[in-house]
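Heads up: the sequence lines are chains D and Z, in that order. Position 200, counted from 1, in the first sequence is what numbering that gives the first Met the number 0 calls 199; the numbers after and before it change by one each time, with no gaps. Position 217, counted from 1, in the second sequence is what numbering that gives the first Met the number 0 calls 216; the numbers after and before it change by one each time, with no gaps.
Careful: at least some of the hints might be erroneous.
Below, simulated DSSO-like cross-link-like pairs (lysine-lysine); rule was C-alpha separation at most 30 Å, straight line [to be verified]:
1. Z:LYS140 / Z:LYS212
2. D:LYS91 / Z:LYS232
3. Z:LYS140 / D:LYS91
4. D:LYS280 / D:LYS296
5. D:LYS91 / D:LYS180
6. Z:LYS212 / D:LYS19
7. D:LYS280 / D:LYS327
8. D:LYS180 / D:LYS280
9. D:LYS19 / Z:LYS232
10. Z:LYS212 / D:LYS91
11. D:LYS327 / D:LYS296
12. D:LYS1 / D:LYS296
13. Z:LYS232 / Z:LYS140
14. Z:LYS212 / Z:LYS232
Derived by calculation from the structure, the hints in this document are not laboratory data.
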Amino acid sequence: MKRTTIEIRDLSIGYRTHRKTRQVGSGLDASIRSGELTCLLGANGVGKSTLLRTLTAFQPPLAGEVRIFDRPVGQYRTAELARLLGVVLTEKCDLHNMTVEELVGMGRSPYTGFWGGLGREDLRLIDEAIDRVGIASLRGRMVHTLSDGERQKVMIAKALAQQTPVILLDEPTAFLDYPSKVEIMQLLLRLTREADRTIFLSTHDLELALQIADRIWLMEGERGVTVGTPEDLSLDGSMERFFSRRGIRFDRRIGLFRVVRPSVRSIAVAGSGERREMTCKALRRTGIDPVAADGEKRPLVEITDEAYLLHEACGSTRCATIGELLEKLE
Amino acid sequence: MLGIVATIAALAVANLLLGTVSIPLRSVAAILFGSDGESEIWRNIVWKSRVPQTLTALVAGAGLSISGLQMQTVFRNPLAGPSILGVSSGASLGVAFTILFSGLGGTALSRLGYAGEVALSLAAIVGAMLVMALIVYVSQKVRGNVTLLIIGVMIGYVANAVIGVLKFFSVEEDIRAYVIWGLGSFARVSGDQMTLFVSLMVLLLPLSFLLIKTQNLMLLGDGYARNLGLNVKRARLLVIASSGVLVAVVTAYCGPIMFLGLAVPHLCRGIFATSDHRVLMPASLLVGAALALACNLIARMPGFEGVLPVNSVTALVGAPVVIWVLFRRRKTELNE
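Could you build the full structure based on these sequences and the hints that come with them?
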């Protein structure tokens, strides 16, 4: 049974100094459910980080409330929250002379005694966290020698060792190469299933979020937060509205965004299978609209298993690769 | 660690034996354990000069190093040292006020002897504590560490500027007394003052160890530290206060001793290749004590007597050592 872990009600977020208040977002209503991977999407400057900071009680709400396990966040003491919420932040720790194992061990701080010594149970949980994240080979390495992706995994292991039911991550995939992004997202998804954690993260990696997240929080300036599964948000037009800019089109059929180029001419394509799909993609990319072969008078690309045959009014050409075909078409 | 303890013991013994007058080990032992057969002059040298100097160097070195380590941790800045927040400038200001204003009253404080010494220590502590109170107050008002650091440095500049003005209006004899205080020395503390100083430090040093877990968490930065249950503001206050009190007391009795507090933590990180304060705190305490003893010994060697102030020795000996350790460290890192 899925239950609500974090809930925000009519929340206003922003910064208050003694002179003035700067409100970043208001009237926000949403909830995070246990055992799910929830992604927070929003343009730069819309207040994703501020919302995360408010959820983790790093800063107080301007109005409304944040409830964690059905209790207002302000009623928890810092030490209690340390056992409920684990975080992975964008700030890069400048740590020297600290091993991966020691850093993961810091996650045990809310449970260790006065001097911070680790007991047998702590060591077991540290091992478990390291194994789950798959960084056993890094455990003796110094943190400052790690790559960004490795470091991100170590911070996730730290949050796991903290044994909190909820983990919040601020742009964990930023600054990573694409395979590492996918790896981190898959790791997080696995943790929700296998380690029974509730995971909430902000990200700019739309495609990945739409393919992996259980739920999406779409954050927009005036509209506040829209919540739903990626598919529901695709169908009701929220995603399209969200990215309604020139040159980007939301493809409802596959539920992903596509970069559109204005096409200047069209070409008929005959054939089938992967080779046909790729040919069409390449043609679109170069501003040519591929259409099915019909009676119209236009060039035709015939795709066979061995080659790409270009039939034009002036004759036919045989191309071995798509690259050759594109050159001929120029 | 055991090696360092042995080094400290050896250096302490050397401090008792060596100087312009060399006293054989047997005689020193006899004097310390209270047998009567030794010469009165040697007895005086050992009890009135060498023992106080050794003990003073020991606790002062330990205190400054711990203080420096704490400042570097709070500000996550390798260039921070015990005097970075202007606490020792506060002590200097207190001393400057006392020395230079007493001159206006007719009797130069520099001629008062023992009463003068007590007055100087008091003035230094009051000055340092006032600056520290100001810093602690500011630390609760401002959010960022960098802001606090800059404010601390500014307070130091203001204190130094005031000292400059005071100097301008003072008689030459007093300025000389102030300059000599400012050179720093482990030899100034004697008798009851020394007992008080050492007892204070023996009380304060263990207190600073209570902050070990706090300091470890601070390494991760404010966000992570708070998420792991640390009250960041209170932690900052406690560590700054601990560091400030240590440096205030040491400065009051030994004058501003530079360099040790900045260098020793780096030395320890280099030697032990860790940033765990459960290792670094005791290590800094021991290495600090050892280095202070070594510097005191060098400053006192025959021929240097009265020529080399401790501050020059700490930097002359310490800087190359630190650079060497950092270089060696870099190499092992590259070879990994």
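Each hint tested on the structure:
1. For the hint linking LYS140 (chain Z) to LYS212 (chain Z), the alpha-carbon distance of about 24 Å falls within 30 Å, and the restraint holds.
2. The hinted pair formed by LYS91 (chain D) and LYS232 (chain Z) meets the criterion: a straight-line CA distance of about 20 Å does not exceed 30 Å.
3. With a C-alpha separation of about 25 Å, the suggested pair LYS140 (chain Z) and LYS91 (chain D) falls inside the 30 Å cut-off, and the hint holds.
4. Distance hint between LYS280 (chain D) and LYS296 (chain D) is fulfilled; the C-alpha atoms sit about 22 Å from each other, no more than 30 Å.
5. Straight-line distance between C-alpha atoms of LYS91 (chain D) and LYS180 (chain D) comes to about 17 Å, which keeps the hinted pair within the 30 Å bound.
6. Restraint check for LYS212 (chain Z) and LYS19 (chain D): not satisfied, since their Cα atoms lie roughly 37 Å apart, outside the 30 Å limit.
7. Using a Cα cut-off of 30 Å, the hinted pair LYS280 (chain D) and LYS327 (chain D) holds, with the two alpha carbons roughly 17 Å apart.
8. For the hint linking LYS180 (chain D) to LYS280 (chain D), the alpha-carbon distance of about 24 Å falls within 30 Å, and the restraint holds.
9. Our distance criterion of 30 Å between C-alpha atoms is met by LYS19 (chain D) and LYS232 (chain Z), whose separation comes to about 23 Å.
10. Distance check on the hinted pair: LYS212 (chain Z) and LYS91 (chain D) sit about 21 Å apart at the alpha-carbon level, within 30 Å; holds.
11. Annotation: proposed proximity of LYS327 (chain D) to LYS296 (chain D) holds, straight-line Cα distance about 19 Å (limit 30 Å).
12. Under the criterion of a C-alpha separation no larger than 30 Å, the hint pairing LYS1 (chain D) with LYS296 (chain D) is inconsistent with the structure, at around 59 Å.
13. This hinted pair checks out: LYS232 (chain Z) and LYS140 (chain Z) have alpha carbons roughly 10 Å apart, not beyond 30 Å.
14. Note on LYS212 (chain Z) and LYS232 (chain Z): the hinted pairing holds, with a Cα-Cα distance of about 15 Å set against a maximum of 30 Å.
In summary, the structure is inconsistent with hints 6, 12 from the numbered list given earlier, while agreeing with the others.
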